[in-house]
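Asks: Chains Y and U, in that order, give the protein sequences. Each residue of the first sequence is one higher than the one before, counting from 1 in my numbering. Each residue of the second sequence is one higher than the one before, counting from 413 in my numbering.
Please note that the accuracy of each hint is not assured.
[Said to hold, decoys possible] Pairs of lysine-lysine residues, derived as DSSO-like cross-links and limited to a Cα-Cα distance of at most 27 Å, are as follows: (1) U:LYS717 - Y:LYS406; (2) Y:LYS17 - U:LYS818; (3) Y:LYS305 - U:LYS814; (4) Y:LYS90 - U:LYS517; (5) U:LYS717 - Y:LYS402; (6) U:LYS708 - Y:LYS264; (7) Y:LYS89 - Y:LYS105; (8) U:LYS555 - U:LYS470; (9) Y:LYS305 - Y:LYS17; (10) U:LYS517 - Y:LYS305; (11) Y:LYS406 - U:LYS429; (12) Y:LYS90 - U:LYS502; (13) Y:LYS90 - U:LYS501; (14) Y:LYS296 - U:LYS708; (15) U:LYS501 - Y:LYS105; (16) Y:LYS158 - Y:LYS58; (17) Y:LYS60 - U:LYS517; (18) U:LYS717 - Y:LYS408; (19) Y:LYS17 - U:LYS820; (20) U:LYS517 - Y:LYS89; (21) Y:LYS105 - U:LYS517; (22) U:LYS429 - Y:LYS402; (23) Y:LYS105 - Y:LYS143; (24) Y:LYS307 - U:LYS818; (25) U:LYS814 - Y:LYS17; (26) Y:LYS406 - U:LYS719.
It is worth saying that the hints were derived from the structure and are not from the lab.
There are 2 protein chains.
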Amino acid sequence: MCSNLKTKIMMMTNSFKFTAHVNDELSDAVARERKTIGFYDLCDQDISPFLELASSVKQKNIVIIGIGGSALGASAVYRFLDLVRSFEKKLHILDTTDPLVLDSKLNSFDMEDAYYALISKSGGTIETIAVAKYIDSAITLNKENCVVITDSGSILEKFADSRGIQHFAIPANVGGRFSVLSSAGLVPLALVGVNIELLLEGARKVRDAFFNEQGYCHSLMQKATFYAQHANTYNINCLFSYSEVFREFNAWYVQLWGESLGKKQRHSELHVGLTPIGLIGPTDQHSFLQLIVDGKRDKSVTVIKIKEFENEMRVPDNSFEHLESMDIINSYSFAELINMQADSMMEALDSLDDIPLDIIEIESVNASEIGQLILYYELLTALVANMLDIDAYDQPGVEMGKIILKDKLQGR
Amino acid sequence: MCSNLKTKIMMMTNSFKFTAHVNDELSDAVARERKTIGFYDLCDQDISPFLELASSVKQKNIVIIGIGGSALGASAVYRFLDLVRSFEKKLHILDTTDPLVLDSKLNSFDMEDAYYALISKSGGTIETIAVAKYIDSAITLNKENCVVITDSGSILEKFADSRGIQHFAIPANVGGRFSVLSSAGLVPLALVGVNIELLLEGARKVRDAFFNEQGYCHSLMQKATFYAQHANTYNINCLFSYSEVFREFNAWYVQLWGESLGKKQRHSELHVGLTPIGLIGPTDQHSFLQLIVDGKRDKSVTVIKIKEFENEMRVPDNSFEHLESMDIINSYSFAELINMQADSMMEALDSLDDIPLDIIEIESVNASEIGQLILYYELLTALVANMLDIDAYDQPGVEMGKIILKDKLQGR
Numbered sequence: 001m002c003s004n005l006k007t008k009i010m011m012m013t014n015s016f017k018f019t020a021h022v023n024d025e026l027s028d029a030v031a032r033e034r035k036t037i038g039f040y041d042l043c044d045q046d047i048s049p050f051l052e053l054a055s056s057v058k059q060k061n062i063v064i065i066g067i068g069g070s071a072l073g074a075s076a077v078y079r080f081l082d083l084v085r086s087f088e089k090k091l092h093i094l095d096t097t098d099p100l101v102l103d104s105k106l107n108s109f110d111m112e113d114a115y116y117a118l119i120s121k122s123g124g125t126i127e128t129i130a131v132a133k134y135i136d137s138a139i140t141l142n143k144e145n146c147v148v149i150t151d152s153g154s155i156l157e158k159f160a161d162s163r164g165i166q167h168f169a170i171p172a173n174v175g176g177r178f179s180v181l182s183s184a185g186l187v188p189l190a191l192v193g194v195n196i197e198l199l200l201e202g203a204r205k206v207r208d209a210f211f212n213e214q215g216y217c218h219s220l221m222q223k224a225t226f227y228a229q230h231a232n233t234y235n236i237n238c239l240f241s242y243s244e245v246f247r248e249f250n251a252w253y254v255q256l257w258g259e260s261l262g263k264k265q266r267h268s269e270l271h272v273g274l275t276p277i278g279l280i281g282p283t284d285q286h287s288f289l290q291l292i293v294d295g296k297r298d299k300s301v302t303v304i305k306i307k308e309f310e311n312e313m314r315v316p317d318n319s320f321e322h323l324e325s326m327d328i329i330n331s332y333s334f335a336e337l338i339n340m341q342a343d344s345m346m347e348a349l350d351s352l353d354d355i356p357l358d359i360i361e362i363e364s365v366n367a368s369e370i371g372q373l374i375l376y377y378e379l380l381t382a383l384v385a386n387m388l389d390i391d392a393y394d395q396p397g398v399e400m401g402k403i404i405l406k407d408k409l410q411g412r
Numbered sequence: 413m414c415s416n417l418k419t420k421i422m423m424m425t426n427s428f429k430f431t432a433h434v435n436d437e438l439s440d441a442v443a444r445e446r447k448t449i450g451f452y453d454l455c456d457q458d459i460s461p462f463l464e465l466a467s468s469v470k471q472k473n474i475v476i477i478g479i480g481g482s483a484l485g486a487s488a489v490y491r492f493l494d495l496v497r498s499f500e501k502k503l504h505i506l507d508t509t510d511p512l513v514l515d516s517k518l519n520s521f522d523m524e525d526a527y528y529a530l531i532s533k534s535g536g537t538i539e540t541i542a543v544a545k546y547i548d549s550a551i552t553l554n555k556e557n558c559v560v561i562t563d564s565g566s567i568l569e570k571f572a573d574s575r576g577i578q579h580f581a582i583p584a585n586v587g588g589r590f591s592v593l594s595s596a597g598l599v600p601l602a603l604v605g606v607n608i609e610l611l612l613e614g615a616r617k618v619r620d621a622f623f624n625e626q627g628y629c630h631s632l633m634q635k636a637t638f639y640a641q642h643a644n645t646y647n648i649n650c651l652f653s654y655s656e657v658f659r660e661f662n663a664w665y666v667q668l669w670g671e672s673l674g675k676k677q678r679h680s681e682l683h684v685g686l687t688p689i690g691l692i693g694p695t696d697q698h699s700f701l702q703l704i705v706d707g708k709r710d711k712s713v714t715v716i717k718i719k720e721f722e723n724e725m726r727v728p729d730n731s732f733e734h735l736e737s738m739d740i741i742n743s744y745s746f747a748e749l750i751n752m753q754a755d756s757m758m759e760a761l762d763s764l765d766d767i768p769l770d771i772i773e774i775e776s777v778n779a780s781e782i783g784q785l786i787l788y789y790e791l792l793t794a795l796v797a798n799m800l801d802i803d804a805y806d807q808p809g810v811e812m813g814k815i816i817l818k819d820k821l822q823g824r
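Isolated chain Y, as found in the complex (with noise of 0.2 Å):
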């Protein structure tokens, strides 16, 4: 199953069997895109500015204010790692303006040994500046405790300026939910101890294997192309990750998945967009696979594997009476049983045939894995939007809802 097409880059696998045909004209839209936009080339910049504050800063506890592609970047990667190397740091996010779980939140750390990475990109999200404002009145946010991350120019570089609080710019070609890769992403993640040098690491391999390989870069381009050609059969792209250590990097898909293709097209003006899922396996073979298997053939699913979980439980050889037919798991290490459930569902799924299905593999949870699937699924969004005809980096759906609120904030 699902090895008829096998390119590996260094250590992360993608394997498929369903074709598309290629236009050769798509490498060389991304290659001029490449000239504009900055996500391609994050993983060059110089981070030592970011190492450097990353060293002089003493708190325990690391507090991102920002919210959508201000958190979700560092998020996903910061679980993803976290789980298996349980930083001295902890991240916390502050990404909602529900009181609820401010409450709890900020109940849960101790807001003077805290450090505060204020991220904004237009400087001026509500959400972020509501909480920023809460913290500032009790603690005053100062060169001592924050940091600011936004466009370089806006309100809240000026804001930083007037307080003397150090800040950074995203580059103004980087959009938020493409920059867990530039300071909005990694400045948070180097001051909670983030091996960031690893996590560009593993970005510039896939980067460069898409530039510079031919058949890694036909392979990519071949499931963008099936995934833009089918986009009204298969508008649903399941990703079912087979570790908890993925949940983060789930929802950092789904963000760009969903924001970056769910666009009226450039020239016909019509709806077009693909519906991003992410679920995590085990468990969610028991909430949404009954869907996949035997509903309404609108899915396409993607699977991601870890072959190396570098830990050792086991499932212990013992009996209990009357479920000795149960002994047929005994002595299997917990890693070996999750990775035989991945497979099992994926054969059961391909016998039907008629579901598009694929399979990442990679070796180990460590930051340059997780830099490669980063740039993986970022280089996949930008050749699936230039194959619809959209445009990947903007998001003017969501500006009417933002000025009907600032209508009633004003009591209009």
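Go by the hints and put chain U onto chain Y.
Replies: Then chain U, alone, in the frame of chain Y:
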């Protein structure tokens, strides 16, 4: 907006303005189904055995060993209430074979000061038995630290008897994803200190309104009919819940809706299915909203709002230099802010005129309200399934993967 059809049932309300011609036979079909399907009348059961057990358990940590329908219901209710009530006893859920999360969770509580609810309807769920074996090898499951909840006569029940462990039956005519108000959900919830009487009272209100009040019944049938009749156009149903307290309720909804409505039709054998998506506001306005607004017109949206957050957190009346334009949020409570955000998003969606939209409002965060929501969604699911000519209560699609896994485990 959203107001020409408003059915108020006690506290919870649901308003929408899309219409559909309701076939009166639908209510007859449901009345017939009620005679054989168990979830409708769980709210009338005798809960004194559950309360008796709860009063005798002294351990601080209540641990569910169960997956899918054996975990999601209790999790939805507990997480909904815990952010506000902060229960003295903590609920932990072991619903995976992922060694990384199992390791982390088992280190997060004292295994000796824990009481285990071992829950599996069939009695032979691989994930559940694997985790139970692991725990048993560390602390030995016995009548002092464990209760078993399973089908009457299952091999797991016999195991419980062999060790003198108390067990409760899940009624044979109540499926896993409809079992939150049976012993499967009520026992762990009672153990942790949830007012399960109030929970059932909420459910009873909705059940009685549906079967006794023509207006309420008609409204729900109209909504179900609309979803079923437009299943091919609007094949995605987004539940946009405005508070983090709904995160696990969303997950419960995803299982209920997806696993019940993703089926082959009884008569045509055609694959049909409605795809559930759970979103949390305002956070996911910065992730998924763009796709709803500008993407393909394949989504309906239901918003859930809490009228009274019973929380006084307020944006302080302070001004940030250079950010004076943001002072329009000053002095609003966060509860006002989040609800204005919900209203603004709904007004924006409503103005588009081609996205089916409705709103559910609950009074506050308490057990009765979540009980109402649970029965509301179970009824809606049953109605849509009837309209789609499918069996809401089976899950044949997940069997194939289980058979393949068993073969793999036995090395075949």
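Asks: So which of those numbered hints doesn't the model satisfy?
Replies: The structure breaks none of the hints.
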